[in-house]
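These protein sequence lines map, in sequence, to chains Z and F. Per my numbering, residue 1 is the first one in the first sequence, and the count goes up by one each step. Per my numbering, residue 1 is the first one in the second sequence, and the count goes up by one each step.
No wet-lab data here; the hints were simulated from the structure. The model shown is predicted, which means the values in this text are computed figures rather than measured ones. Take the hints with a grain of salt, since some may be wrong.
[To be verified] Looking from chain Z toward chain F, a few residues come up when the C-beta cut is under 7 Å (computed):
(1) P29
(2) Y30
(3) F34
(4) L85
(5) N89
(6) Y101
(7) E118
(8) P154
(9) P155
(10) F249
(11) L251
(12) G255
(13) V271
(14) R273
[What the hints assert, rightly or not] Simulated DEER-style distance windows between Cβ atoms:
(15) F:I39 / Z:S189: 40 to 50 Å
(16) Z:K67 / F:F76: 27 to 37 Å
(17) F:R53 / Z:D37: 19 to 29 Å
(18) F:S278 / Z:S189: 45 to 55 Å
(19) F:E280 / Z:E267: 23 to 33 Å
(20) F:I39 / Z:V271: 40 to 50 Å
Beta carbons: idealized from backbone N, C-alpha and C, even for Gly.
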Amino acid sequence: MIFIVCALAAEAKPLIETMSLRKDTRSCPYETFFAEDSSVVLALSGMGTVAAASATTYLLTRFGFRKEKDFLLNFGSCAGKEEGLFLINKITDEATGRSFYPDMIYDLSSFGLPFSSEKALVTVSKVVDSLSDPNLLYEMEASAIFQAGARFVPPHRILFIKYVSDSGTDDPKKITAALLTSRARKYTSTVLAVLNHLGDVSEPEINIDEELFISTALALRLSETMRCELRQFFAYAQAADIDMEKILFGLHDEGRIPVRSKREGKEVLDVIRERLI
Amino acid sequence: MSSAKGLYNFPFSHIYVEEKAADHDLTKKILSRYSKSAIIPIAHYKDVFNRPRQSFSIQKGSPSLILAKNTGNSVFKGAPVCQDFGYDHFYYTSCVRNCIYDCEYCFLRGMYGSGNVVVFVNQEDSFSEVEALLKNHPVYLCVSYDTDLIALENLTGFVRSWTEFTMAHPDLTIEIRTKSFRKDIYEKIPYCDRVIFAYTISPQEIIDRYEKKTASLSERLSAASCAMEKGFPVRLCFDPLIYIPNWKDIYTSMCSDVKKHIDTHQLKDISVGSFRISAEYFKKLRKDFPISPLCQFPYENHGGVMEYPEPVRNDMENTLITLLQNLISKDKIYQTDF
């Protein structure tokens, strides 16, 4: 699943429309949208770090972020010298001076985000009227999303994509919803291409036969520590492509399972280890 | 993991440079070689290297490089699980953390939370530390424990500089451990009989399965042979021995290959040890490699060290020692004992 946090509806609108996300009509602390096939969920956090951190935590806990499969994306507008879409490689929180670094592992150049699109960003507490460093981007949520997200998300599964809406203004009203939406729409296809690409990136997981594991643990009268040992045997059998079921059925046929005492259970556990090796 | 071609950026596509390392000559030299990489300034290397929840194995797909200054100690007493080869004052230094190879069993996966490579550019400070130790006693120093310096020589030049430093300090002996194929290095560094090149030797089947990106068995043996021809003391490390169902066949065949390629009587010595790792480090390995038979093997915890069950361990080590005794005298074989 792709988890998306956007500050404003105007920034998210093109993504919501293009991906045909449906609004969650249940009572939610943050406006939430989701794809029919559960591949995407998007929350509107509102502006600022507190709102962003809170919405990120809400989204990740409510929908259960899986660190082997899912990605967290922050998409939104920022102030910068030149128009464009940028991939963020460093986020500095202006208030604390702390910096945060998402992993820059994936090659997204063929999807419209080459190295030249990478920038460092500063999270500030209010709309900037000018760019104190023209090489940097300025916005109001990323450092909080990173910090809240990092509690759940590995750094190679968190992504910040920002588009420039202005170069700083003394009147925030000049940054209209229409402007934010039209700029966001310009980059929607790039963002979707990136998400489609990353949506396929998954990491291996071990999935043991829980039913067989539990019935074996009970039949062997295993203590908690011995259960951990048995679980490890199951994991090894799967990794080494050994038929654990065959070993256990063999022990059943020999009359060694079920056991009459914990001590017998320990002995059978040792036999399983021997047969695995 | 999805392994579509082009999924990852190229290695060292991103170089993080610590503020206090930015002006160091070695930093400038390294950066000049990586003109296509993105350079990201950082306050401290730990801001990147020590982030929580990093994936060592994913980062190995596209490791970043971190250039930093080591402000703490960089020379440490050898750990009990390390072979000391009979030297009383056994130390190791950590001028680089992590390496470009991708060995599935590597203790660095457990020791560090990151698969990125840190180069401490201030090697001169490590030299000062070693000189302080040398005032008290001779020193045996492993300089390539937390990395593979030969593999990184084009980047750092540390093999050359450690060799030159050793030449100038008669009470210092260093060991440079490697899985590299490089032979040219022996043309480029001065000769010193106190610089020991230690090649980790594994059967090709183990290299293919568990030592990704490293040199093949024949390349390692050829490089070791080249080092001996140049007069350098060479050690072969059959450590770690890795269990797979047909281990006896593949290790027997490997010993035949060693005999074919190496004048074993000229070896300084040999070390033998089965796979073992701190239980604490091993937790991370298991998490990082959920479907690896090597990482999921039911090891036994003996005093905080995970190792093969005793019968397996003894069988593997004794078999190998018997095979090796046909190649080299027994007194030159060091067996791990801790």
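Status of each hint after checking the structure:
1. P29: Interface hint status for P29 of chain Z: violated (25 Å vs cutoff 7 Å).
2. Y30: Because about 24 Å separates Y30 of chain Z from the closest Cβ in chain F, which is outside the 7 Å limit, the hint is violated.
3. F34: violated, 24 Å
4. L85: violated, 16 Å
5. N89: Since chain F brings a Cβ to about 6 Å from N89 of chain Z, closer than 7 Å, the hint holds.
6. Y101: This interface hint holds because 5 Å falls under the 7 Å limit.
7. E118: Interface hint status for E118 of chain Z: holds (5 Å vs cutoff 7 Å).
8. P154: holds, 4 Å
9. P155: Holds - the Cβ of P155 of chain Z comes within 7 Å of chain F, reaching about 5 Å at its closest.
10. F249: With a closest approach of 20 Å, the F249 of chain Z hint is violated.
11. L251: Where the cut-off is 7 Å and the nearest Cβ of chain F is about 16 Å from L251 of chain Z, the hint is violated.
12. G255: Interface hint status for G255 of chain Z: violated (24 Å vs cutoff 7 Å).
13. V271: violated, 12 Å
14. R273: With a minimum Cβ separation of about 5 Å from chain F (threshold 7 Å), the hint on R273 of chain Z holds.
15. F:I39 / Z:S189: 40 to 50 Å: violated, 30 Å
16. Z:K67 / F:F76: 27 to 37 Å: With Cβ atoms ~33 Å apart, the hint holds.
17. F:R53 / Z:D37: 19 to 29 Å: For D37 of chain Z against R53 of chain F, whose Cβ atoms are near 27 Å apart, the range 19 to 29 Å holds.
18. F:S278 / Z:S189: 45 to 55 Å: holds, 49 Å
19. F:E280 / Z:E267: 23 to 33 Å: Given a distance of about 29 Å, which is inside 23 to 33 Å, the answer is holds.
20. F:I39 / Z:V271: 40 to 50 Å: Violated - the Cβ-Cβ distance for I39 of chain F and V271 of chain Z, about 58 Å, lies outside 40 to 50 Å.
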